[in-house]
Amino acid sequence: MVRLITHNLLACHVKGCNSNNFPLEFKDVQIELREAEFNPDFLKGFMPKLEWKALVDAARQLGDTSLPLELPEMLDDDFLKNLHHVLLEIHVEEGTMTCPNCKHEYPILNGIPNMLLAEHEIG
Amino acid sequence: MSRPELQAPPEIYYGDTEAKKYTQNTRNQQIQADMTYRALELLNLPPDEPAFLLDIGCGSGLSGEILDEEGYIWAGVDIAPSMLEVALEREVEGDLFLQDIGQGFGFRPGSFDGAISISVIQWLLNAETSHPTSSPPHRLNRFFTTLHSALRNPSRAVFQFYPSSDDQIQLITSCAQKAGFGGGIVVDYPNSNKAKKIFLCLFVGGGGPQQQLPKGLEGDEEVDRGVKFERRRDRERGRDKSGKRKNVKARDWILKKKELYRKRGKEDVPRDSKFTGRKRRAVF
Ligand SMILES: C[S@@+](CC[C@H](N)C(=O)[O-])C[C@H]1O[C@@H](n2cnc3c(N)ncnc32)[C@H](O)[C@@H]1O
Ligand SMILES: [Zn+2]
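Protein chains in written order, with the working numbering: chain P, 1 to 123; chain Z, 1 to 284.
For the record, the hints were derived by calculation from the structure and aren't laboratory data. Predicted model only: the values in this text are computed from it and were never measured. Check before you lean on any hint, since a few could be wrong.
[Stated by the list, open to error] Selected chain P positions facing chain Z (in silico; Cβ < 7 Å):
(1) M1
(2) V2
(3) R3
(4) P68
(5) L69
(6) H85
(7) P107
(8) P113
(9) I122
Positions of the beta carbon are idealized from the N, C-alpha and C atoms, including for glycine.
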């Protein structure tokens, strides 16, 4: 149940891994699509938190090309519906997320990423 | 029996059997629900702005179900695989993570509009986990520092917890302060042995519109009760015997969406696994 809404907020938390540690890269993923309630106000409020490029890239990697490369100025309904789908309806069920910097792999099993660190990785 | 956190590490204590027992116990459901409602009240979120919340030590989702019900979008972290497995079975809406909060978070600055934690942080003071770990103060510092940065400014984090001494309260609040939080302790029903509840109510950057520490509840807890029991009955009505939610999304719907994807010419649409739309079981 990692969705892109949380993937977009998640950086690597291994000790000393403080730069170039976002976004985590998906590998060997299986996804499921599940409907969620459309809430335009939530989406608008959430947009300032997003790293747009990371979101577009991750969505494309998961097979969704509905988002424009540049954040549009006008937030029309079509755009918000696509954003809704990308953020909240695509569930990554299996696979791994790899830190681009330290290469730590966070495995995803049954939709749950394992964020536990080894002893030498704890800050 | 001594308190759970004195008996075994959390992910051992909350093994398969205890996770089920804990979640199915209706009295426990009621208590966790009541405390979650109260924590939300103390969070004092701006009205009409749908919030994104973190449930710290979300367990099997008893607190998260209240967040779903109240329309919040949330993510939850917990160290016990068996608890998370029950949360999957109960089909809570939040994104779940297997994580030891004593190791800290990796969420980007300002990710969450608020955080709640119901009956969890006493664990940070007690039994070790079976994962690599360090001393309780070190774990508390790491936890509060990374949480503070993951929260938006201004916002709040509210923790209901079970301290076993004033020293523990002292240690926890001083670590929170060191991490940059304001706020403090709120005690509900301080004069009732049974109803007394302790909340740590932390502020980032003043904590929002009302900067004062909220007052604890006084008087007679039973009076509030009737209403909430009603709410619980409503909640349970939506579940079948095994605790699963009724009207779960049909496999059909998912397949339809995948077909739609393919039609729209999207490559790399993941293959339909035989697990598509099935109840997911966690095997860690
Ligand atoms: C009493 S349960 C509460 C669960 C849920 N908040 C509720 O209200 O039902 C306590 C939870 O804290 C979790 N926990 C304890 N120590 C933890 C840690 N270091 N990191 C993450 N979760 C932890 C346990 O696994 C357990 O699920
Ligand atoms: Zn890293």
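Non-conforming hints, listed in increasing numerical order: 4, 5, 6 and 7
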